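Modelling step: build the complete structure from the supplied sequences, incorporating the hints.
Chains as they are written, first to last, in full-length UniProt numbering: chain A, 1 to 304; chain B, 1 to 304.
Hints are computed from structural coordinates only; laboratory data are not their basis. Since we're looking at a predicted model, the values are computed, not measured. Treat the hints with care, as some may be off.
[As the list claims (entries may be wrong)] Simulated pairs of lysine-lysine, DSSO-like, Cα-Cα distance not exceeding 27 Å: (1) B:LYS188 with A:LYS188; (2) B:LYS205 with B:LYS20; (3) B:LYS140 with A:LYS20; (4) A:LYS249 with A:LYS205.
Protein chains: 2
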Amino acid sequence: MSLVIIGTVAFDTIETPFGKTDKILGGAGTFASLAASYLCDQIKLVSVVGEDFGNDNLDLIRNRGIDVTGVQVITGGQTFSWSGRYHNDMNSRDTLATDLNVLADFDPIIPESYQDCEYLLLGNLTPQIQLTTLERLVHKPKLVVLDTMNYWMNVAMDDLRKVLLKVDVLAINDAEARQLSGEYSLVKAAKVILAMGPKYLIIKKGEHGALLFGENQIFSAPALPLADVFDPTGAGDSFAGGFIGYLAKVKSINFTNMKNALIFGSALASFCVEKFGTDRLVDLTEEDIQKRLNAFVALSQFNL
Amino acid sequence: MSLVIIGTVAFDTIETPFGKTDKILGGAGTFASLAASYLCDQIKLVSVVGEDFGNDNLDLIRNRGIDVTGVQVITGGQTFSWSGRYHNDMNSRDTLATDLNVLADFDPIIPESYQDCEYLLLGNLTPQIQLTTLERLVHKPKLVVLDTMNYWMNVAMDDLRKVLLKVDVLAINDAEARQLSGEYSLVKAAKVILAMGPKYLIIKKGEHGALLFGENQIFSAPALPLADVFDPTGAGDSFAGGFIGYLAKVKSINFTNMKNALIFGSALASFCVEKFGTDRLVDLTEEDIQKRLNAFVALSQFNL
Numbered sequence: 001m002s003l004v005i006i007g008t009v010a011f012d013t014i015e016t017p018f019g020k021t022d023k024i025l026g027g028a029g030t031f032a033s034l035a036a037s038y039l040c041d042q043i044k045l046v047s048v049v050g051e052d053f054g055n056d057n058l059d060l061i062r063n064r065g066i067d068v069t070g071v072q073v074i075t076g077g078q079t080f081s082w083s084g085r086y087h088n089d090m091n092s093r094d095t096l097a098t099d100l101n102v103l104a105d106f107d108p109i110i111p112e113s114y115q116d117c118e119y120l121l122l123g124n125l126t127p128q129i130q131l132t133t134l135e136r137l138v139h140k141p142k143l144v145v146l147d148t149m150n151y152w153m154n155v156a157m158d159d160l161r162k163v164l165l166k167v168d169v170l171a172i173n174d175a176e177a178r179q180l181s182g183e184y185s186l187v188k189a190a191k192v193i194l195a196m197g198p199k200y201l202i203i204k205k206g207e208h209g210a211l212l213f214g215e216n217q218i219f220s221a222p223a224l225p226l227a228d229v230f231d232p233t234g235a236g237d238s239f240a241g242g243f244i245g246y247l248a249k250v251k252s253i254n255f256t257n258m259k260n261a262l263i264f265g266s267a268l269a270s271f272c273v274e275k276f277g278t279d280r281l282v283d284l285t286e287e288d289i290q291k292r293l294n295a296f297v298a299l300s301q302f303n304l
Numbered sequence: 001m002s003l004v005i006i007g008t009v010a011f012d013t014i015e016t017p018f019g020k021t022d023k024i025l026g027g028a029g030t031f032a033s034l035a036a037s038y039l040c041d042q043i044k045l046v047s048v049v050g051e052d053f054g055n056d057n058l059d060l061i062r063n064r065g066i067d068v069t070g071v072q073v074i075t076g077g078q079t080f081s082w083s084g085r086y087h088n089d090m091n092s093r094d095t096l097a098t099d100l101n102v103l104a105d106f107d108p109i110i111p112e113s114y115q116d117c118e119y120l121l122l123g124n125l126t127p128q129i130q131l132t133t134l135e136r137l138v139h140k141p142k143l144v145v146l147d148t149m150n151y152w153m154n155v156a157m158d159d160l161r162k163v164l165l166k167v168d169v170l171a172i173n174d175a176e177a178r179q180l181s182g183e184y185s186l187v188k189a190a191k192v193i194l195a196m197g198p199k200y201l202i203i204k205k206g207e208h209g210a211l212l213f214g215e216n217q218i219f220s221a222p223a224l225p226l227a228d229v230f231d232p233t234g235a236g237d238s239f240a241g242g243f244i245g246y247l248a249k250v251k252s253i254n255f256t257n258m259k260n261a262l263i264f265g266s267a268l269a270s271f272c273v274e275k276f277g278t279d280r281l282v283d284l285t286e287e288d289i290q291k292r293l294n295a296f297v298a299l300s301q302f303n304l
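Rendered as structure tokens:
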């Protein structure tokens with residue numbers, strides 16, 4: 001059994017009120033697999049990078065026990081890169097540049113050794129690549145989690161609808177849920193979206209936490225209130241990685257475990273934003289994670 | 001022992017995407033005392049209305065067991081009235097008219113029978129009226145909860161600072177917390193505000209729930225996701241009433257009880273928005289409330 005994660009591996013250049021980075025390691029696939037690596041030891045990453053990516057960065061991922069056999073290194077190619085500037089509220093950002101580079105022609109090759117995939121995270125990519133990934137897996141995974149964004153709803157809605165029919169969980173933010181459903185109320189939005197295919201819907205609300213809909217139930221996970229959000233980049237991906245990582249660990253899919261998975265995802269996301277890029281996600285200890293989980297319990301549990 | 005609530009009793013004219021009302025019963029004091037009446041049977045209201053208010057409206061409040069001895073009826077005066085229009089998102093609204101009428105000269109008279117006050121809710125009014133109320137109580141209440149708004153921060157900050165020194169709990173929304181503290185992070189904002197006097201701070205976040213800060217702890221209460229928010233008017237006041245009503249019921253003030261109080265407040269607020277004005281708050285049953293509390297438990301409790 002393995003957890004396969006497909007997503008971007010990228011160079012990010014980030015400006016926040018706290019400072020500015022050079023090109024640092026980023027990408028949805030990177031954040032998600034690092035976060036999941038604290039919960040599951042059979043993670044296999046599918047992605048693409050350029051010749052410029054460098055062994056140090058690949059080692060950083062590999063050192064967390066993540067299999068990178070499926071990360072293609074394109075000779076002569078440049079790694080996908082993104083640069084952005086966060087506003088003072090840290091909730092909104094401007095994209096300064098997006099250079100797709102090798103991502104433009106990404107053909108997701110699934111190594112033979114990945115065919116034991118039982119848990120699949122389809123990171124935010126073109127719906128067509130997500131469909132291709134699903135087609136190239138010989139066995140249907142036990143659980144498929146899909147991340148996507150408003151951009152694909154605008155330019156590739158037909159393909160996105162096809163992907164939605166094949167996934168178990170969709171994770172999007174509140175604005176995207178409203179756009180996808182045409183409903184303002186998130187309860188109504190969830191009803192519309194769950195009729196499009198997924199059995200579960202996660203609505204990410206940033207500093208306001210996340211909602212889980214499915215099995216005619218709703219769960220609300222809080223976000224940990226933080227004094228300083230240092231760099232929000234990758235928080236949503238870390239959340240998704242922590243979420244599916246937990247389910248791959250407990251190997252049983254039901255609403256009770258999904259609720260816990262949301263808390264683990266939220267905890268991993270709360271670490272991610274404490275430092276620039278992947279800095280905080282590479283050296284967590286078991287104790288760090290346990291303390292953070294305890295903080296989520298204290299934050300949200302009551303006894304009427 | 002009694003719970004004294006001072007706040008407006010008003011006529012509201014409301015437009016929402018669901019319809020438009022004539023002048024209906026409203027006001028912070030009304031919503032708060034109705035909500036609290038499901039938890040505490042010794043509620044004493046201080047307010048002012050005009051001769052136009054009518055016995056039916058007063059009876060509606062009285063019928064919930066609320067003492068209205070402290071509600072002055074000004075001969076020849078007109079009741080404070082407000083009219084507003086909610087936008088489609090139901091989170092923002094335009095005030096179409098505010099007629100202070102008898103509220104302009106409101107002098108809060110505390111009847112002798114109210115001097116057993118142990119729990120006091122200072123509803124959103126001028127800080128000067130809130131100060132006068134505190135001065136006119138012979139014994140310091142066991143718990144004082146203050147509601148205020150951005151308007152008073154703009155025009156009466158000196159008086160508001162004096163009130164803050166005398167209260168135990170402040171309840172404001174997230175934008176107001178940011179304005180009052182000058183800090184964007186709510187954790188930092190809470191630190192600044194708790195240094196101004198209150199021992200506890202509640203930050204109301206509407207559809208995103210509420211946060212409680214105090215005793216070096218944080219609690220996050222979810223809001224119940226609703227398919228239809230029919231009329232948000234009075235939700236914050238119902239929340240405050242439910243909150244202090246619960247504490248007056250259990251008669252013990254600590255962080256554990258405060259957490260439960262937040263859940264009771266959230267539950268009462270979730271009823272308030274289901275119908276226009278006070279319609280839903282006048283006929284709740286014990287079973288209605290217990291079911292709603294169960295929904296909050298299901299919504300937010302997990303077991304790692």
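Do the alpha carbons of LYS249 (chain A) and LYS205 (chain A) lie within 27 Å of each other, as the hint requires? 25 Å, holds
Are LYS205 (chain B) and LYS20 (chain B) close enough, with their CA atoms no more than 27 Å apart? The given pair, whose Cα atoms are some 26 Å apart, holds under the 27 Å limit.
Distance restraint between LYS188 (chain B) and LYS188 (chain A), which requires alpha-carbon spacing of 27 Å or less: This hinted pair is violated, its Cα atoms lying about 35 Å apart.
Run the distance test for LYS140 (chain B) versus LYS20 (chain A): straight-line Cα separation, threshold 27 Å. 53 Å, violated
The earlier numbered hints that this structure contradicts are 1 and 3.
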